[in-house]
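A.B. asks: So you can see what is in the structure, the chains are spelled out below.
Protein chains: 2
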Amino acid sequence: MTRPLPFDIAPWSVGLSGVDAERMGHRESVFALSNGHIGWRGSLDEGEPLGTTGAFLNGVHEAHPMPYAEDGYGYPEEGQSVVNVADGRIIRLLVDDEPFDVGSGELAVHEQRLDLRGGVLHRDVTWTSPAGRTVRIASTRLVSYAHRAVAAVRYTVTAVDGAASVTLLSELAANEPIPGLHPDDRVQAALDRPFVSVDHHAIGTTATLVHRTRRSGIAVAVAMDHVVSPAVDQRVETSPDLARTTIAIRLGAGEHLEVVKLVGHAWSADAAPDALRDRAEGAVADAARAGWGDLVAGQRAALDDYWQCADVVVDGQPRLQQAVRFALFHVFQASARIESRSVPGKGLTGAGYQGHTFWDFEAFVLPVLTATAPDAAAQALRWRHAGLDAARARARQLRLAGAAFPWRTIDGTESSGYWPASTAAFHVGADIAAAAMHHVQATGDAAFERDIALELLVETARLWMSLGHRGADGRFHIDGVTGPDEYSALVDDNVYTNLLAARNLAGAADAAERHPAAAGALGVGEDESSRWRSAAGDMAVPFDESRGVHAQSAGFTDRKRWDFAARDPYPLQDNHPYVELYRTQVVKQADLVLALVFAHDAFTPEEKAAAFAYYEPLTVRDSSLSAAAQSVIAAELGYLERAADYLAETALIDLDDLQGDTALGVHLAALAGVWMAVVAGFGGFRDGADGIAFAPRLPPDVDLLAFGIRVQGRTLRLEVEADRTVYRLTGGGVPLTVRHFGEPIVVEPERPIEAATPPLRETGPAPSPPPGREPRGFRDALAG
Amino acid sequence: MTRPLPFDIAPWSVGLSGVDAERMGHRESVFALSNGHIGWRGSLDEGEPLGTTGAFLNGVHEAHPMPYAEDGYGYPEEGQSVVNVADGRIIRLLVDDEPFDVGSGELAVHEQRLDLRGGVLHRDVTWTSPAGRTVRIASTRLVSYAHRAVAAVRYTVTAVDGAASVTLLSELAANEPIPGLHPDDRVQAALDRPFVSVDHHAIGTTATLVHRTRRSGIAVAVAMDHVVSPAVDQRVETSPDLARTTIAIRLGAGEHLEVVKLVGHAWSADAAPDALRDRAEGAVADAARAGWGDLVAGQRAALDDYWQCADVVVDGQPRLQQAVRFALFHVFQASARIESRSVPGKGLTGAGYQGHTFWDFEAFVLPVLTATAPDAAAQALRWRHAGLDAARARARQLRLAGAAFPWRTIDGTESSGYWPASTAAFHVGADIAAAAMHHVQATGDAAFERDIALELLVETARLWMSLGHRGADGRFHIDGVTGPDEYSALVDDNVYTNLLAARNLAGAADAAERHPAAAGALGVGEDESSRWRSAAGDMAVPFDESRGVHAQSAGFTDRKRWDFAARDPYPLQDNHPYVELYRTQVVKQADLVLALVFAHDAFTPEEKAAAFAYYEPLTVRDSSLSAAAQSVIAAELGYLERAADYLAETALIDLDDLQGDTALGVHLAALAGVWMAVVAGFGGFRDGADGIAFAPRLPPDVDLLAFGIRVQGRTLRLEVEADRTVYRLTGGGVPLTVRHFGEPIVVEPERPIEAATPPLRETGPAPSPPPGREPRGFRDALAG
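As given, the protein sequences belong to chains C and U, one line each in that order. Okay, so the first sequence: first residue is 1 according to full-length UniProt numbering, each after it adds one. Okay, so the second sequence: first residue is 1 according to full-length UniProt numbering, each after it adds one.
Okay, chain C solo, but in the shape it has when bound (with noise of 0.2 Å):
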């Protein structure tokens, strides 16, 4: 691991002093910006020193043929890869005639920092010129929540220490290419300049730049104008691929100059260039007459509204508490105003991936957002939910009925060149299912359920029947499928798939029941409904008697072990090839323990421990998604100490940059994983049939949790101390009912009740991690 930045430690934001030129790709990514829909890296105004550019719309991409050493049927012909936008976020600032470069002159302040309440990104720069006059330069910059198609930079200029001449170039830039987007030299080489200028134009202040993508035919338009204070001159000019607006002043000591940049975007693959102009253009005009202060405020409107149920208090460790917030921030602005579209695994943060979505968000993401800011878990649903002509059109291909969602994609349709590890892996449709599941059961949304969770469950249901088949045992099997742990591919009853798809087929027959008139338009008849309820009661879960634990899958503890003595070099996929992965006993991430946490009333609380001590010492976490749910299971089983690690681990993925690739982008999945591991976690929060349940204790040296939940339109909040929880209902109606350690407890509106914490069960060591996975152990990844 190479030294973390070091961000420095406050409740309420990430800052960051000085400029570390080699390694700007880690805090671009940390300080990224997103409404859902827009995406800013966190790159300086003036563009450079750089690590990877980045200007994001969600769903902008470019196709590209997929290549292939041996061809093989039903592999995808066309992918797709996010590409850049024109980049409305550079300015470029002279100070007389010399240009601000944080590498030239000294710099006296240099800081960046992250406003986790405010929506923003602050950079203060205090900048003596080679030349020896000093500026004093003051950003900020947001994509706003409320205003979905703009970002805006504010930009702000002080002559120091005498008189100065400023001049500032503002641009759009577009067909920046994007390093590493594609192993294939040629695919590479046909992103790099994916657009093609289909318009570029100047009307009074305004400069607008729209493109075409050349092979997915994707048209973007982007506009920008500035307000600028005191009133200059805006020279406007524009080209192709660059739109400028040039602002020059002469500063009196101690003057400044600010400059509100408003850029606005519009994209689609059908609207007309024109069409599309106006709205960019559009977007931009109605950002400036609300005014920067109004596009402020709306940021922390947005903000108030999801902390209030989102935040996570976390008293007595102030990195972790940072780390939770910042995770929770990161899950927040990647889904915000998706408004029907996918997230993708990086949110709008960087291009690792190539901006594809993958099942860890339903798995990961999905269940923060309906705990925590329900609208936008709907809205990624429905997304879902609009891709089901591609997904059935694909299961068509696959010779499979029902719907087969893509592993990983930006358009909904399948994006992977290695179908072992992408369609084997078919529990992406039960991961979606039991999101939407969930999301009815905690929103009560009927209306959600029958228009939309219906039929996702009912296709989806469709794909298991013709997948599986009944052995001569009598049971349900899924055979020749890969589970989530990705040094595994092709086994037979995966576990967790499995338990996953018992649940979806259960699911798909309660909801038909619910709505016997939408199931009946999708052809659901009662005899389908029963052979899904026969088929998930029957489904097969390899348990290895002789050892008396749970198999990740048939056979998978007669595999041969993994020799674990040569101490190979983590990840192991980097010096290991597949074909030895994946016959030999090694997890990469949670698997089976992801079935514990996801399919928790499935397996007794001997099961746990016996699975949690078996696979404990085989899981390396060569993935990002694998902590928090060992966190969940190691909290279970009181192990709070190993569940602290995992807690930190995966809180710090991205500030301490735990796997060396954030500057690809944040691992949004694992940002979630920490509200999963606290409140899951330490939280023991599980709802299922039989309603919500908590068993709260709190992590090592920390004097009080405190987290929420949305409830059917509600919000409950815990405040979890040493020996008790209180619990708080915000909003009217009835009653609620929880169980607390098992204990029924009946939690009333604006009523706090409080319960105590039972004694910890006495446990042994926690089981051993594989050598050299040790986690680092919180204290340590806390102490920074």
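Since the hints were made in silico from the structure, they are not lab data. There could be a bad hint or two in this list.
Derived DSBU-like pairs: lysine-lysine, alpha-carbon spacing no greater than 35 Å straight-line [as the list claims (entries may be wrong)]:
#, chain 1, residue 1, chain 2, residue 2
1, C, 608, U, 608
2, U, 608, U, 560
3, C, 560, U, 608
4, C, 608, C, 560
5, C, 560, U, 560
Covered stretches of chain C (in silico footprint by chain U; criterion: 3 or more residues with CB under 8 Å from a CB of chain U, positions within the stretch not fixed) [stated by the list, open to error]:
#, region
6, 417-429
7, 487-495
8, 565-579
Note that beta-carbon positions come from the ideal geometry of N, C-alpha and C, so glycine has one too.
Given the coordinates of chain C, work out where chain U should sit on it, guided by the hints.
C.D. replies: Below, chain U without anything else, positioned relative to chain C:
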């Protein structure tokens, strides 16, 4: 199936009249000539109409980057592809300035005839030009067995009905692209013009082109000279990619021009271009000195020697007779003069599979060579031995011990781009080991065992030890590998793989015991070889007790059964994804049934019957490698009609173009399978630790079946009639004991002995093949 080309039926030749311009590729493969070093497809002399061009030198290939949609550790970065070398086949003819073209004028006679005893390709043409001038053209083409570097054409033109001006343009043409080498456009483009010119010149009447491949750096020299009668002037011109000799003469009515074109070849990755040029020109000069008659005689002599043992007589079935000899001819010419090179899956008859060799050469072809042309077999094994360093490096890369031989290769390095069906198919190592053991046993060549076979056995044994592991059940398990059946992959304990691995391990221990010094030099100690014996003895062999049948691999018989009722078109892989094929009970090619052949003594007769009954209805024969093995086991079980069906299928695979892809080259292993179906199937030939056994029976409607095998330098021939078999041993020395239907009989040299055929055990009807994959029935097939 398209209507097959109407080859005529003759005992020792294959002839075809007329020209079907749409289907030239098929004929070009059938009529391809080779000596294992040079390969010339059977294109027309004048080059058009053309299916696919093809002038190959064994080992000459171009390298290309391997394109991947997603990267993985251990994926080969570079692939190899056969390319055309400078092509010396072309002789264009002008008659009174009109170009001879089978598509113009009138073609009274057009016949090509492959002489299976003479080793030449004849062509006879009587053509009347559009202007009304009639000529007779006779060409005879050969690729010399005696002069390894030489191919030659005798081309004769006779003026039939009046005086004619005749002009011949005889060429060497380089950089002729082969379409369809690779599915990736960029790779294909790199292979289209693989050569840069290094030198071109003419000295006297000899013209030479020297090229070098761009990426693999292989230099190739091709020279030509012409012997012309009557003597006329030759104009010789060269340019970088074309050398041309022009011969013009005025023929009176009845007069003829005879041109013998001699083409010499040389290539090397190391030698200087000048040296190669001299080698190619020297080969031409030497052939010219020998003369045409000598070249032709050399062909006959080599084939007489081959047929003396290898010939299979099938009296009463003329089409089968022809097909069997055609098959054995291609087996011979593919390997006659390989001299430590690989034999591609298509021989040198086409560029299918990019010219790669696969495991089926060792499994199917090499035993035939050992039994009929043991020196060629030894050469092929020496090539594998020479590839040990590359195979050891590959094993290290894969984190395995010993040697991991490539799945597909030209130069010995892995060139496959889909690892689940290549790298994971580790059985290739055991197939090589089996071929080496069989060769040693059949030849008694102790020096070969010590110098070549031992190291092959030792290093492959080491691979198995590192690949497998001992389970809690005490058995040795090999998990996560792929067996012969390409509709399954990454399975545990594939019976074929495990049984051949066990033989490999035990064979390595045996060989080490026989050659202790050589084994010691390889670091083999008593400990290691006893671990091999122990693993071999404890090898897991999955047997499904409830169904009373071996499972092709662990759990196979529990999988979902393929839905044959859907009547999907074959081959299934064209319309079904791997993820479906792999998880269901459907078998592309004999796998367990192949184990019944190669590890025949590991099964009881009852187990064989149960296995055939179980797998026959699942085996769709989408691979050409299947029918022969099924024929052998059908014959062993007494299903002689079914055995004949499959014998006919494998024998006619290319003459009838049963898979529709013979244009890419002949199916060499399937052709070798003809020998297997005759000798191991109807002949009942088995060899094992306890010697050689036969159980000869006639195929239906056959009066006499005769075949031979080489046994330790001698030839044993069998003449099988309905009620008896005559055994005839040629060559001096001690008598040979063989088992005839289980009873030992002693065959004295030069003293034929007769043994009676016991009555055929009653069998019920043979198990049904899959719907839509019933064999044609040998009677229909052989009726043509």
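A.B. asks: Determine for every hint whether it applies to the structure shown.
C.D. replies: Checked hints:
no.: 1; hint: 608(C) - 608(U); in the structure: violated, 45 Å
no.: 2; hint: 608(U) - 560(U); in the structure: holds, 23 Å
no.: 3; hint: 560(C) - 608(U); in the structure: holds, 30 Å
no.: 4; hint: 608(C) - 560(C); in the structure: holds, 23 Å
no.: 5; hint: 560(C) - 560(U); in the structure: holds, 26 Å
no.: 6; hint: 417-429; in the structure: holds (count 6)
no.: 7; hint: 487-495; in the structure: holds (count 3)
no.: 8; hint: 565-579; in the structure: holds (count 7)
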